[in-house]
Amino acid sequence: MIQTVAAAPLPAAENYIVKKQRLQPENLLGNEKRISIVTGIHGDELEGQYVCYEIQQRINEHPELLTGIVDIYPALNPLGIDSITRGIPHFDLDMNRIFPGNSEGSMAEYIASKIINDVQGSDLCVDIHASNIFLREIPQVRINEMCADTLVPFAKRLNIDYIWVHGTATVLEATFAHSLNSIGTPVLVVEMGVGMRVTREYCKELVDGIFVEMKDLGIWQGSIIEPKKPIISTDGEVHYLNAGYAGVFIPTVEHWTSVKKGDKIGEIIDPLEGIIKEEIFSDCDGILFTLREYPVVSEGSLLGRILERNEVIA
Amino acid sequence: MKKVQLYELKSLYRDSLKIYGYQFGGSEKTVCIVGAIRGNEVQQLYMCSQLVRILNLLENRGQIDTNRGIMIVPSINPYSLNTNTRFWATDNTDINRMFPGYDLGETTQRIADGFFKKVNDYIYGIHFTSFYLEGNFTPHVRIMKTGFENTEIAREFGMPYIMLRNPKPYDTTTLNYEWQLWGTQAFSLYTPGTDQIDKAQANEGINAVLRFLANQGLIHISKDGGHCSRIIEEQELVTVRTNQSGILFLNCDCGDHIKEGQIIGEILDTYEGHTIEEIKAPCSGRIFYHGSNPLIYSNTAVVKIIQDPEAEYFQQ
Ligand SMILES: [Zn+2]
Numbered sequence: 001m002i003q004t005v006a007a008a009p010l011p012a013a014e015n016y017i018v019k020k021q022r023l024q025p026e027n028l029l030g031n032e033k034r035i036s037i038v039t040g041i042h043g044d045e046l047e048g049q050y051v052c053y054e055i056q057q058r059i060n061e062h063p064e065l066l067t068g069i070v071d072i073y074p075a076l077n078p079l080g081i082d083s084i085t086r087g088i089p090h091f092d093l094d095m096n097r098i099f100p101g102n103s104e105g106s107m108a109e110y111i112a113s114k115i116i117n118d119v120q121g122s123d124l125c126v127d128i129h130a131s132n133i134f135l136r137e138i139p140q141v142r143i144n145e146m147c148a149d150t151l152v153p154f155a156k157r158l159n160i161d162y163i164w165v166h167g168t169a170t171v172l173e174a175t176f177a178h179s180l181n182s183i184g185t186p187v188l189v190v191e192m193g194v195g196m197r198v199t200r201e202y203c204k205e206l207v208d209g210i211f212v213e214m215k216d217l218g219i220w221q222g223s224i225i226e227p228k229k230p231i232i233s234t235d236g237e238v239h240y241l242n243a244g245y246a247g248v249f250i251p252t253v254e255h256w257t258s259v260k261k262g263d264k265i266g267e268i269i270d271p272l273e274g275i276i277k278e279e280i281f282s283d284c285d286g287i288l289f290t291l292r293e294y295p296v297v298s299e300g301s302l303l304g305r306i307l308e309r310n311e312v313i314a
Numbered sequence: 315m316k317k318v319q320l321y322e323l324k325s326l327y328r329d330s331l332k333i334y335g336y337q338f339g340g341s342e343k344t345v346c347i348v349g350a351i352r353g354n355e356v357q358q359l360y361m362c363s364q365l366v367r368i369l370n371l372l373e374n375r376g377q378i379d380t381n382r383g384i385m386i387v388p389s390i391n392p393y394s395l396n397t398n399t400r401f402w403a404t405d406n407t408d409i410n411r412m413f414p415g416y417d418l419g420e421t422t423q424r425i426a427d428g429f430f431k432k433v434n435d436y437i438y439g440i441h442f443t444s445f446y447l448e449g450n451f452t453p454h455v456r457i458m459k460t461g462f463e464n465t466e467i468a469r470e471f472g473m474p475y476i477m478l479r480n481p482k483p484y485d486t487t488t489l490n491y492e493w494q495l496w497g498t499q500a501f502s503l504y505t506p507g508t509d510q511i512d513k514a515q516a517n518e519g520i521n522a523v524l525r526f527l528a529n530q531g532l533i534h535i536s537k538d539g540g541h542c543s544r545i546i547e548e549q550e551l552v553t554v555r556t557n558q559s560g561i562l563f564l565n566c567d568c569g570d571h572i573k574e575g576q577i578i579g580e581i582l583d584t585y586e587g588h589t590i591e592e593i594k595a596p597c598s599g600r601i602f603y604h605g606s607n608p609l610i611y612s613n614t615a616v617v618k619i620i621q622d623p624e625a626e627y628f629q630q
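Each protein sequence line maps, in turn, to chains A and B.
Using our numbering, the first residue of the first sequence is number 1, and each one after it goes up by one.
Using our numbering, the first residue of the second sequence is number 315, and each one after it goes up by one.
If you're looking for bench data, these hints aren't it; they were derived computationally from the structure.
For each residue, glycine too, the CB sits at the ideal point set by N, CA and C.
Warning: the hint list may mix true and false statements.
To be verified - To be clear about the criterion: a stretch of chain B counts as covered by chain A if any three or more of its residues have a C-beta under 8 angstroms from a C-beta of chain A, and this derived list gives those stretches:
hint: 1; segment: 412-421
hint: 2; segment: 612-622
Claimed, not checked - List time: in silico SDA-like cross-link candidates among lysine to any residue, alpha-carbon distance up to 25 angstroms:
hint: 3; chain 1: B; residue 1: Lys594; chain 2: A; residue 2: Pro295
hint: 4; chain 1: B; residue 1: Lys482; chain 2: A; residue 2: Gly167
hint: 5; chain 1: B; residue 1: Lys432; chain 2: A; residue 2: Gly105
hint: 6; chain 1: B; residue 1: Lys324; chain 2: A; residue 2: Arg97
hint: 7; chain 1: B; residue 1: Lys332; chain 2: A; residue 2: Ala8
hint: 8; chain 1: B; residue 1: Lys324; chain 2: A; residue 2: Asn242
hint: 9; chain 1: B; residue 1: Lys332; chain 2: A; residue 2: Tyr245
hint: 10; chain 1: B; residue 1: Lys594; chain 2: A; residue 2: Ala8
hint: 11; chain 1: B; residue 1: Lys324; chain 2: A; residue 2: Gly105
hint: 12; chain 1: B; residue 1: Lys573; chain 2: B; residue 2: Gly539
hint: 13; chain 1: B; residue 1: Lys482; chain 2: A; residue 2: Arg97
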């Protein structure tokens with residue numbers, strides 16, 4: 001059943017509306033667990049769109065196996081999605097910096113507070129982001145180290161490749177995830193793929209993992225996969241590759257591959273002069289988990305991130 | 315006057331990005347004045363260009379101190395000025411959220427770092443900056459309360475108000491904040507106008523800086539009047555919010571004296587034209603800020619008032 005989570009009037013014959021889909025068993029006992037799938041805080045990140053669709057496809061094939069509540073919020077920032085804008089248009093602000101919102105505040109803060117009220121109390125929430133248009137990311141969960149004890153066990157079931165535990169220095173207090181985590185509703189932030197695109201393969205892997213979580217919570221009685229064993233890191237082991245020159249970046253390796261110290265990752269070419277401006281090499285043994293997707297680079301542009309480690313991936 | 319290149323960033327196809335500074339007086343690093351960091355800060359750029367012209371004149375006439383030095387940096391982001399984009403065009407980052415910068419980081423972190431290294435040891439730093447809200451406001455000097463701030467020196471600008479702000483997390487990466495952290499007394503000068511040049515308001519900013527330089531003895535001219543600044547804490551401002559969305563009409567202007575309960579504006583139904591809300595002043599005082607976008611959302615801050623029960627005695 002489709003429900004309205006928040007609505008606020010815009011000046012000209014339109015409401016800002018946030019909707020959700022609720023899937024639940026026909027007969028409720030009242031003690032059902034609840035999982036919330038949230039995406040579209042950033043209007044130009046679309047990977048979560050396919051996830052929302054695919055979850056419903058699978059549940060609707062076997063509704064009798066559903067024994068809990070699944071809430072799906074595909075578009076927290078509908079104006080942004082409609083206008084290919086990361087933030088909320090007109091407000092010129094990142095929606096993921098206004099949580100937990102304020103019911104007496106501006107429209108954006110009001111909407112944020114209604115969303116928090118609605119999601120609060122879920123047994124698990126998955127907040128799906130994509131990368132920007134510049135970088136391709138493998139499916140990963142990003143966790144603030146303050147919440148690591150609670151969230152890492154959940155993240156291990158999500159069938160993602162990589163768990164990135166961030167230092168507290170990078171805490172962003174006004175995010176959706178932090179606001180809920182700090183009041184006891186566990187939120188996993190997923191980053192994957194690339195901005196403005198849908199990577200179906202990643203989406204399906206994530207949906208497999210969401211069903212593992214649902215089974216674990218007693219929301220789903222169907223069969224599930226064995227989740228992948230993710231690599232877990234801390235900030236200190238991540239190496240950044242930045243462009244030393246402006247030019248066009250051409251990668252020479254695949255994304256999500258093992259690299260050795262000194263291996264070539266790509267080159268920055270100059271189409272005007274017809275020369276290679278810079279060759280990019282790995283400065284450690286590890287795994288290339290972020291790779292630049294958008295070719296044009298300025299000095300300093302991020303080209304990739306490598307997680308330093310010694311074992312190789314299959 | 316000496317024009318120096320402070321930083322250069324090479325581009326694939328564009329002419330390289332160059333940050334220029336104009337130096338006057340002696341070699342000591344006394345005052346650094348910065349204009350446009352964002353690509354739409356044309357007013358701020360204009361004020362710096364006029365100061366370059368005036369200081370050049372004063373220097374030629376021997377009216378500038380020959381030990382202490384002044385540097386003016388009209389813009390640290392000429393690329394965005396030329397493409398008319400507010401932020402760094404490729405990734406939409408704001409250089410004024412990148413200080414103190416990082417020389418091995420992303421592009422705008424490198425620009426911030428390259429520039430900041432050249433200016434982080436001045437005694438005084440002045441940044442002409444644009445207001446974070448769209449609309450009109452009263453000219454003021456803004457100081458972040460970092461624990462290192464010096465409110466009394468700010469009086470030397472002779473602007474109507476000195477606004478003290480408790481820094482929020484996102485303020486900590488601005489030029490103003492980092493300057494103070496590095497031991498520079500930093501002041502942000504706000505005058506109305508950003509995308510368009512408002513000459514009268516620009517003159518307020520230019521004259522404020524000249525007053526400051528004269529008070530410090532950096533330039534030798536007789537000081538003109540200016541204001542006896544009033545110090546206010548930003549949280550003292552009383553915010554007036556709309557209840558409805560619609561077409562906004564305000565009948566007050568910045569600096570106006572208002573009484574509690576006075577109707578200062580109304581909201582009309584967007585399609586049917588009748589009044590759906592009267593906006594009343596919640597307190598007596600003076601208008602510090604008002605919005606200017608005619609299509610207004612509900613629960614939006616449209617007016618900020620400096621509370622002052624005695625404002626009504628002063629004639630305007
Ligand atoms: Zn995002």
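Status of the hints after comparison with the structure:
| no. | hint | in the structure |
| --- | --- | --- |
| 1 | 412-421 | holds (count 4) |
| 2 | 612-622 | holds (count 4) |
| 3 | B:Lys594 <-> A:Pro295 | violated, 54 angstroms |
| 4 | B:Lys482 <-> A:Gly167 | holds, 20 angstroms |
| 5 | B:Lys432 <-> A:Gly105 | violated, 41 angstroms |
| 6 | B:Lys324 <-> A:Arg97 | violated, 33 angstroms |
| 7 | B:Lys332 <-> A:Ala8 | violated, 46 angstroms |
| 8 | B:Lys324 <-> A:Asn242 | holds, 15 angstroms |
| 9 | B:Lys332 <-> A:Tyr245 | holds, 16 angstroms |
| 10 | B:Lys594 <-> A:Ala8 | holds, 23 angstroms |
| 11 | B:Lys324 <-> A:Gly105 | violated, 44 angstroms |
| 12 | B:Lys573 <-> B:Gly539 | violated, 29 angstroms |
| 13 | B:Lys482 <-> A:Arg97 | holds, 12 angstroms |
Taken one by one, the earlier hints fail for this structure at numbers 3, 5, 6, 7, 11, 12, listed in ascending order.
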